[in-house]
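**Student:** What follows is each chain in one-letter form.
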Amino acid sequence: MDSQTSSQLETVPPAIARDERVFSKPVRWWKSKTSWKQLGMAGVFVGPWIIGLLAFTIYPIYYTVRLSFTRYAGFGEMEWIGLANYRRMLFDDPIFWKSLWNTFYYTGLAVPIGVVMAMVLALAMNQNLPEIPLYRVLLYLPSVLPLFALSFIVWALLDPNQGIVNEALRSIGLNPPNWFGDPRYAKLGIVILAQFGAGQIALVFLAGLKGIPQTLHEAAMIDGAGVLSRFRNITLPLMTPVILYDIILGISLGLQAFVQSFIITDGGPVKSTTFIVNHLYDNAFRFGQMGYASAIGVALFVITFVIAIAVFQTSHRWVHYDLT
Amino acid sequence: MATITINEQQIQRGDAKRAQRDRTMKHFQTQWVPRIILILMCAVFILPFYWMLALGLKSNAELSVYPPTLYPHDPQWQNFQDSTEVFPFWRFARNTLFITVLTIVGAVISNPIIAYGFSRIDWPGRDKVFLFVLATVFMPFPVIIVALVDTYARLGWMNTYLPLVVPMFFGQAFWIFLIRQFMLQISRDMSDAARVDGANEFQIFFGIILPQCIPALGVIGIFAGLHAWNDFLGPLLFLTSEKLYTLPIGLTFFRAANAYDIRFNLLMAASALVVLPVVVLFLLFQKSFISGISVGSVK
Chain A
1 MDSQTSSQLE TVPPAIARDE RVFSKPVRWW KSKTSWKQLG MAGVFVGPWI IGLLAFTIYP
61 IYYTVRLSFT RYAGFGEMEW IGLANYRRML FDDPIFWKSL WNTFYYTGLA VPIGVVMAMV
121 LALAMNQNLP EIPLYRVLLY LPSVLPLFAL SFIVWALLDP NQGIVNEALR SIGLNPPNWF
181 GDPRYAKLGI VILAQFGAGQ IALVFLAGLK GIPQTLHEAA MIDGAGVLSR FRNITLPLMT
241 PVILYDIILG ISLGLQAFVQ SFIITDGGPV KSTTFIVNHL YDNAFRFGQM GYASAIGVAL
301 FVITFVIAIA VFQTSHRWVH YDLT
Chain B
1 MATITINEQQ IQRGDAKRAQ RDRTMKHFQT QWVPRIILIL MCAVFILPFY WMLALGLKSN
61 AELSVYPPTL YPHDPQWQNF QDSTEVFPFW RFARNTLFIT VLTIVGAVIS NPIIAYGFSR
121 IDWPGRDKVF LFVLATVFMP FPVIIVALVD TYARLGWMNT YLPLVVPMFF GQAFWIFLIR
181 QFMLQISRDM SDAARVDGAN EFQIFFGIIL PQCIPALGVI GIFAGLHAWN DFLGPLLFLT
241 SEKLYTLPIG LTFFRAANAY DIRFNLLMAA SALVVLPVVV LFLLFQKSFI SGISVGSVK
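Those protein sequence lines, which keep their order, are chains A and B. Going by our numbering, the residue at position 204 of the first sequence is 204; the numbering climbs one at a time, nothing skipped. Going by our numbering, the residue at position 121 of the second sequence is 121; the numbering climbs one at a time, nothing skipped.
Please note that the accuracy of each hint is not assured.
Each computed SDA-like pair below joins lysine to any residue, with the alpha-carbon atoms no more than 20 Å apart [what the hints assert, rightly or not]: (1) A:Lys210 x A:Leu228; (2) A:Lys37 x B:Leu283; (3) A:Lys98 x A:Pro183; (4) B:Lys128 x A:Gly47.
Looking from chain A toward chain B, a few residues come up when the C-beta cut is under 10 Å (computed) [what the hints assert, rightly or not]: (5) Gly47; (6) Gln127; (7) Asn128; (8) Phe148; (9) Leu150; (10) Leu280; (11) Gly291.
Calculated directly from the structure, the hints in this document are not laboratory data. Ideal Cβ positions, reconstructed from N, Cα and C, are used throughout, including at glycine.
Just need the whole structure built from these sequences, with the hints factored in.
**Tutor:** See below:
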């Protein structure tokens with residue numbers, strides 16, 4: 001500020017820089033007419049989303065909870081039965097517990113492997129080769145396939161007789177299982193299926209990799225750090241936010257798994273790929289137990305919420321934010 | 001004196017040879033080792049595509065050959081034609097297209113409007129509420145499918161396209177996020193000047209902001225179209241009569257009672273046809289796709 005300005009100009013407050021003008025709330029904004037006017041205008045634009053949220057998310061959640069206390073077949077009477085559905089779910093339904101086990105088994109494998117997969121893919125996509133755009137497209141391509149199509153294809157790929165994967169494994173001396181026909185391996189088949197979609201999240205990882213300043217790597221290399229050491233001490237810590245995002249996303253998606261097991265095995269063999277949502281679907285649309293299915297839905301909601309919060313709360317122990 | 005000079009020359013030549021060896025070694029390590037690994041990885045990831053096409057072209061006889069042939073020895077191009085006769089392919093394609101177009105319209109209309117409210121108007125609590133919008137992404141859809149089915153049944157919306165299309169007119173969190181990012185980048189000078197001149201928010205939205213958002217709208221349109229074309233769970237839940245089914249549902253027609261009776265070659269051919277638009281679209285736009293997603297997702 002020019003100290004030789006006239007006394008008039010000295011009373012003018014400095015202009016807020018255009019770039020930084022995130023809305024700075026005046027204290028007690030509810031007393032300002034302008035604020036209310038802004039709120040009103042925003043309401044018109046944001047309104048559709050609010051309506052959609054209420055109609056297609058909030059209300060269905062409320063209705064699901066209400067349904068979970070009833071016996072209802074989808075038509076006719078909706079009979080209030082209190083906590084009976086929950087008692088049945090926890091004490092009288094072995095398939096429910098099997099579905100929980102299946103879902104956690106699948107998620108517990110698919111998420112860590114998925115994170116590793118995404119990192120490997122991103123590192124591969126980050127290589128300094130002239131033809132790298134071609135590789136990026138090829139690696140990303142399978143994740144473009146919709147889940148139902150990928151399910152059919154991987155089903156064919158892992159077929160014991162017609163699939164090429166087992167043939168390849170046999171040729172190196174292994175004895176590959178009948179993936180989707182064997183209760184011990186069906187879930188693994190679905191874990192394998194999930195990895196083909198890694199291309200999509202790999203792009204986010206790639207963006208994260210590119211966000212690491214090259215100067216850090218160069219300084220480390222001058223100090224004699226090798227590739228592995230640089231990965232462990234520079235890349236990995238700076239990638240932890242992206243990894244956290246992938247973990248939460250992966251867990252959320254893993255807990256909701258349905259389409260793959262529905263299409264390929266319909267929950268079998270011997271219920272080994274019956275995930276929580278498979279069980280929900282069967283009860284709602286095959287056994288006419290909409291009330292009970294809603295209770296399963298509530299259980300899924302609570303489980304997802306608790307796990308997401310748990311992961312997020314413990315994340316500060318291993319995630320490094322903004323180490324610049 | 002002469003002896004020392006020759007030794008210096010020899011030393012220099014020796015150093016040069018070592019440096020050349022080191023360079024070659026480094027070139028190999030930084031160029032060829034990654035290249036080989038990448039080629040192997042691409043082979044694995046291309047496998048689904050390759051197998052879909054290879055299996056789709058095999059004849060019925062070749063399907064039962066054991067061990068399975070690596071490529072179709074007798075490519076049956078009419079498999080593509082035959083696969084469209086297993087289920088009402090073209091009707092389902094028309095249905096899927098109809099839903100897709102409506103979805104794109106809904107997405108391109110609603111998301112910019114909502115994003116404008118979250119980016120170009122300042123109001124108390126705006127950014128906190130937006131965090132909540134993002135959080136809704138983690139709300140598992142399967143939890144509410146029973147409630148939705150019953151509600152739609154009571155509304156008379158079951159077995160119509162309404163449950164699939166109507167929600168698209170009310171915004172989707174991720175797409176709002178994308179357009180909002182875009183809108184935040186637009187310089188405030190023009191909209192501020194317009195406000196000073198007395199323009200209301202609608203005029204600013206339609207006249208200034210929206211025209212600058214056309215590229216982002218293109219991206220949203222493509223995402224929305226893909227979402228609708230590839231949707232399996234929605235049609236599975238809400239459509240009950242065959243004349244309304246979509247292509248993804250159509251593929252399930254190949255399943256027979258006995259797993260051994262499935263005609264995988266026709267199933268793969270049909271799958272190839274169903275994903276063809278998606279793959280073509282991706283290959284056309286892949287440059288902006290890949291760079292767009294990675295740029296947009298930085299923090």
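**Student:** Now, for every hint given, state plainly whether the structure supports it.
**Tutor:** Hints and how they fare:
For the hint linking Lys210 of chain A to Leu228 of chain A, the alpha-carbon distance of about 18 Å falls within 20 Å, and the restraint holds. Annotation: proposed proximity of Lys37 of chain A to Leu283 of chain B is violated, straight-line Cα distance about 47 Å (limit 20 Å). With a C-alpha separation of about 12 Å, the suggested pairing of Lys98 of chain A with Pro183 of chain A holds against the 20 Å cut-off. Restraint check for Lys128 of chain B and Gly47 of chain A: the C-alpha separation of about 16 Å stays at or below 20 Å, so the hint holds.
For Gly47 of chain A, the interface hint holds, the least distance from its beta-carbon to any beta-carbon of chain B being 8 Å, beneath 10 Å. The criterion of a C-beta within 10 Å of any C-beta in chain B is met by Gln127 of chain A, whose closest approach is roughly 4 Å, and the hint holds. Using the Cβ-Cβ criterion of 10 Å, the hint placing Asn128 of chain A at the interface with chain B is satisfied: the shortest such distance is roughly 7 Å. For Phe148 of chain A, the suggested interface contact is upheld, since its CB lies about 4 Å from the closest CB of chain B, less than 10 Å.
Satisfaction of the interface hint for Leu150 of chain A is found here, the shortest Cβ-Cβ separation to chain B being roughly 6 Å, below the 10 Å cut-off. The beta carbon of Leu280 of chain A is positioned within 10 Å of a beta carbon in chain B (closest approach about 6 Å), and the interface hint is therefore held. Satisfaction of the interface hint for Gly291 of chain A is found here, the shortest Cβ-Cβ separation to chain B being roughly 9 Å, below the 10 Å cut-off.
Checked against the numbered hints given earlier, this structure breaks only hint 2.
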